[in-house]
Amino acid sequence: MTGAHHKQIITGASVVLIATVGVLWLIPSQTVTTATGENDLSPSLVPHISMGMCLLLGLLYTVQSWRDGRRAGAEATPELEDSGDVDEAPRSVVGLILDLAVWIASSTATMLIIPHVGFIVTGTILLAGWLVFAGVRSVWIVAAVSLGLPVLLDRLCWYALTVQLP
Amino acid sequence: MIIDQLLAGFAGALAPLNLVFMAIGVALGIVVGILPGLGSVTALSILIPITFYMDPLVAIAFLVGVNKGGTSGGAVPAILLNAPGTPEAAATALDGHPMAKKGKPVKAMKTALYSSVFGDTISDILLILLAAPFAAFALRFGPAEFTAIVLFSFTLIAGLSGHSLIKGIIAAFFGLFLSTIGLDPVDSSSRMTFDIVELYDGISLNALAIGVLALSSVIQQIFVMRRDGNGAQAGTWQNFDREANKLKPAEFWSRWPTLVRSAFIGSGVGMLPGLGVSLAAFLGYGSAKRASKTPEKFGTGHGEGIMATEAANSAVVGANLVPTIALGIPGNIAAALIIGAFMIHGVVPGPFMIEQHGELIYGIFASMLICNAFHLLIGRVGINIWGYITRVPKTIVLPVVIVLCIVGVYVPTQSLFDVGLMLAFAGLGFVMRNTGFSIVCFVIGFLLGPMFETSLRQTMLMYKSDFTILLSSPIALIFVLLTIFSLWRFARRG
Chain A
1 MTGAHHKQII TGASVVLIAT VGVLWLIPSQ TVTTATGEND LSPSLVPHIS
51 MGMCLLLGLL YTVQSWRDGR RAGAEATPEL EDSGDVDEAP RSVVGLILDL
101 AVWIASSTAT MLIIPHVGFI VTGTILLAGW LVFAGVRSVW IVAAVSLGLP
151 VLLDRLCWYA LTVQLP
Chain B
167 MIIDQLLAGF AGALAPLNLV FMAIGVALGI VVGILPGLGS VTALSILIPI
217 TFYMDPLVAI AFLVGVNKGG TSGGAVPAIL LNAPGTPEAA ATALDGHPMA
267 KKGKPVKAMK TALYSSVFGD TISDILLILL AAPFAAFALR FGPAEFTAIV
317 LFSFTLIAGL SGHSLIKGII AAFFGLFLST IGLDPVDSSS RMTFDIVELY
367 DGISLNALAI GVLALSSVIQ QIFVMRRDGN GAQAGTWQNF DREANKLKPA
417 EFWSRWPTLV RSAFIGSGVG MLPGLGVSLA AFLGYGSAKR ASKTPEKFGT
467 GHGEGIMATE AANSAVVGAN LVPTIALGIP GNIAAALIIG AFMIHGVVPG
517 PFMIEQHGEL IYGIFASMLI CNAFHLLIGR VGINIWGYIT RVPKTIVLPV
567 VIVLCIVGVY VPTQSLFDVG LMLAFAGLGF VMRNTGFSIV CFVIGFLLGP
617 MFETSLRQTM LMYKSDFTIL LSSPIALIFV LLTIFSLWRF ARRG
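Sequence order for the protein chains is A and B.
So in the working numbering, spot 42 of the first sequence is number 42, and the numbers just go up one at a time.
So in the working numbering, spot 466 of the second sequence is number 632, and the numbers just go up one at a time.
Derived by calculation from the structure, the hints in this document are not laboratory data.
The reader is advised that the hints may include incorrect statements.
[Unchecked claim] Below, in silico cross-link-like pairs of lysine to any residue (SDA-like), each with a Cα-Cα straight-line distance of 25 Å or less:
(1) B:Lys267 with A:Arg91
(2) B:Lys630 with A:Thr33
(3) B:Lys276 with B:Ser458
(4) B:Lys630 with A:His48
(5) B:Lys630 with A:Thr34
(6) B:Lys630 with A:Arg91
(7) B:Lys463 with B:Ile332
(8) B:Lys414 with B:Glu462
(9) B:Lys268 with A:Gly135
(10) B:Lys268 with B:Arg421
(11) B:Lys630 with A:Ile49
[Claimed, not checked] Over the 10 Å line for every Cβ pair with chain B, so calculated as not near, a few chain A residues:
(12) Leu17
(13) Thr20
(14) Arg70
(15) Arg91
(16) Val94
C-beta: ideal position from N, C-alpha, C; glycine also.
Just chain B, same shape as in the assembly:
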């Protein structure tokens, strides 16, 4: 039944115009994703208006292509410059940049691309097969279950804090504190805003992430180059070895358990509204490290670290359409924008969508699979182009990134306040890098803070402060047990 519908979908999706727009969408997504701050969400917001006059299938396929390309594009600056433009790319930088520094930037980018396409494809297949039943299952996740998931996610800090757990925890709590700035999620009273209107919505994640992750790394490298006096000949990778940059299929597929695990983690996270791409990336990385027999290799340029991250974050792209298509609930901001595009074209997302617009939906499913092929092809060609960046001296590339970061933060909100915040957070990130505080833990604390507080307070309100709900709900109980297991395992490893 599904096969028949999917074949009919392919017939529509393989129309030449559709193919052209899918390819353009993927290419645009990758290019925009590479620029710090301009991820797939910004690209989708900007490009939706140009789909007004397109056929619905062409329009949605184009936007899906943009979303896919944009999610993986962020890996390029993370690998080449240690300047991740988005929080999820920070996890890619953990191993991607050290691998690039070892003279294997192209291999790192290939690993990221292939893993990304793999994760995305698994996620699309799950979407096609399981959209309806999984969406019904996702409805069983209430505040108590979300609280348990976020609690479990906090155990990531133990694995990502470097050698100093105490500093990692301080960084995470500081991130958590900053996430509480703004209006209270329940009673809307202002918290630490000093009556600055721009802070009512909280600190912009974009400004914080680009500041501490990307810009602080850039200024750190500039200061180091100046101090070491090697600026003039700081070609990025002098020791580029073509042979070392080859990625053999056997080498890539030998780590298939990591790929599959991360793809399922990303798909699971994507199906649950509100958890987001960044959490998937860090969960994928954390689980790969926990499962590895050589966890000490992670963070030193280990290909498995890149695979785990990229497969997980790209797997969110397809899966977050599960609640969108089956229930009309957007899995994240990108899915919310795609819902907007559906509605512009007269399609109301929700339980009756597959029944009423089956031909269109299966056309979109087929387009998503075709988009993955375009993603692989265009991404592979792109690697050759990005490879040229490695030949430009860092003395030129790094100052250029400072200006790109300013533009990247300004464009989505057109707020100079956010630019100022980003510059301030770059200073904070610079200090943290030089005093041994984990920036990744800081960002995780900031990301998980609002989810944790909101779901905890909703749980308390709904269950009249009865915390035993965390033990009586089977799903919550599983995650509570996983949390205890993770902490026990970490403590045992010392």
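For reference, chain A alone in the conformation it holds in the complex:
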């Protein structure tokens, strides 16, 4: 079984796990399960159907991936590289988790500091961080863009849209 098949199985299992939590806990505990009128549907019906379908299809996908993995051996199926809006080659599960961790850390930091220090400071730090991360090595470019843009946007929103950024 290849790494790509492992990734497929992990993806399918994750869908199954999320859908199971939704069907067994989230929907029953957070929605009214009985319809109010004789001809109405229960408010929980559409959430149940949608999560139920995710669960069923997730199971099917996991089993299919496991079976394909056993059968195909070292050769990956074409499906692995695909999907209309997937524009770059997929990466390993570990690489994906690491990249996601960077994004979660950046987002969490943004949401934690923005109410306290405001948009200009947060925007400057965020922009400087991502510019350097993306590969910009010129201090002048980093400084000019990360300092200039948040101030420009803040003033533009105020004067043109009368919206005060946080």
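Fit chain B to the supplied structure of chain A, relying on the hints for placement.
Structure of chain B alone, referenced to chain A:
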């Protein structure tokens, strides 16, 4: 009769002040539309107050210009950065960005602009000719007919799910599930809100769309650039070829059936209140792909894909004024804002509007046609300006877009909660992109979910759970048959 009234309308619409404000409106609309999250609705909301002291014709023509420009502006970031700021622009990105990556960003933008103006013009002509009769026809669309239309729209997923249909369907059902968060549409009980007040209205479409469509693409590209180590010289399109970016008229017009089909699809969707621009864009794209002899080219930078999408979504702009002008019913949020502007200026939209304010209405019709000419001119000049973005290294452009997305989501609602949602959805979109789940199917599920549930439950309440209404109503029956035909055709193609 209509010609006489229209000529009189042109006389008023060609006043210099009106022309100036129409041009400003289109330019502002395009600029605002380019910023992720700030589409024509935001621009209209912000700009309505400045029309208070204008003449009614100038005011409405200005707002119509903003609406037209804003609808097409979203194509620019979708094509250049694969960062559509609105759901409808996601369909443009499907072929627009691959074309840009092939070194033809300007050609992609030209295709989008010309198609947009074409669709818009067809839609305006239909509005002028058919406002009254079509509005009466639109009244025959009840919940059962809407249920059938939405059911048919779900078959789009089959064509947009990429190579993995199963993942496309999972993505669509997950989008559908997320669309049910908030207050129940019939009994207003809360669903999966955890008593968070900000979730009572449901998950913000703006936050979700920008997060999964635009921001996830941006962070994906940054991570890829860093991994491949080509950041320093990542000029966006090193191989820019001026000759390859020319769009010859013969090449453009050779696909006129796609343009006409999409323009009519967009106009039809626009005339029916509540369906929206995004659905028109995806329906246009889906129908062009189904009708094409080379459907495998779609999604690889095929000009026909851009044409189908842009002609359809821009055709909604004029057509959604059909129910507005004839019945006083807004076709979408933008039309609702324009109704507000009408009322500010003492004009009550509805069946008597054309009779009581005929001169103004035909002045607006004429202004809409003139606005299309401005749209073409200003949009064409704009392409040269946006073309310069292609010379700035992606290492600088992409981080800037992250900050623009934050501002774009914050401005319409001024809610940090929505910003947080957008960042979370960007993470989800990033995972989906890397595991092969179709983001477009996910967004379609989220968009169609509330329409489907509401119209289905209304149908059940109105017809006492009698589903045969879907077969006894001629309009519903047509769409049910189309749904079956689409599924059969997809199954036959394997």
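Each hint, compared with the structure:
A C-alpha spacing of about 21 Å is found between B:Lys267 and A:Arg91, which places the hinted pair at or below 25 Å, so the restraint holds. Among the hinted pairs, B:Lys630 with A:Thr33 is consistent with the structure: their alpha-carbon atoms are about 20 Å apart, no more than 25 Å. Simply put, B:Lys276 and B:Ser458 have alpha-carbon atoms about 22 Å apart, close enough for the 25 Å limit, and the pair holds. For the hint pairing B:Lys630 with A:His48, the CA-to-CA distance comes to about 22 Å; that is within 25 Å, so the pair holds.
Straight-line distance between C-alpha atoms of B:Lys630 and A:Thr34 comes to about 17 Å, which keeps the hinted pair within the 25 Å bound. Proximity of B:Lys630 to A:Arg91 is assessed by CA-CA distance (about 52 Å); at most 25 Å being required, the pair is judged violated. A hinted pair counts as satisfied when its Cα atoms are at most 25 Å apart, and B:Lys463 with B:Ile332 qualifies at roughly 21 Å. Distance hint between B:Lys414 and B:Glu462 is fulfilled; the C-alpha atoms sit about 24 Å from each other, no more than 25 Å.
Under the criterion of a C-alpha separation no larger than 25 Å, the hint pairing B:Lys268 with A:Gly135 is consistent with the structure, at around 23 Å. This hinted pair checks out: B:Lys268 and B:Arg421 have alpha carbons roughly 21 Å apart, not beyond 25 Å. For the given pair, B:Lys630 sits about 21 Å from A:Ile49 by alpha-carbon distance, which is consistent with the 25 Å threshold. Listed as a non-interface residue, A:Leu17 keeps its Cβ farther than 10 Å from every Cβ of chain B; the least gap is roughly 13 Å.
Even its closest Cβ contact with chain B, about 13 Å, leaves A:Thr20 beyond 10 Å, as expected for a residue assigned away from the interface. With a cut of 10 Å on Cβ distances, A:Arg70 stays outside the contact zone with chain B, its closest approach being about 18 Å. Its beta-carbon lying about 6 Å from the closest one in chain B, A:Arg91 breaks the requirement of being farther than 10 Å from that chain. For A:Val94, the shortest C-beta to C-beta distance to chain B comes to about 12 Å, beyond the 10 Å cut-off, and the non-interface label holds.
Of the hints listed earlier, those the structure fails to meet are numbers 6, 15, in rising order.
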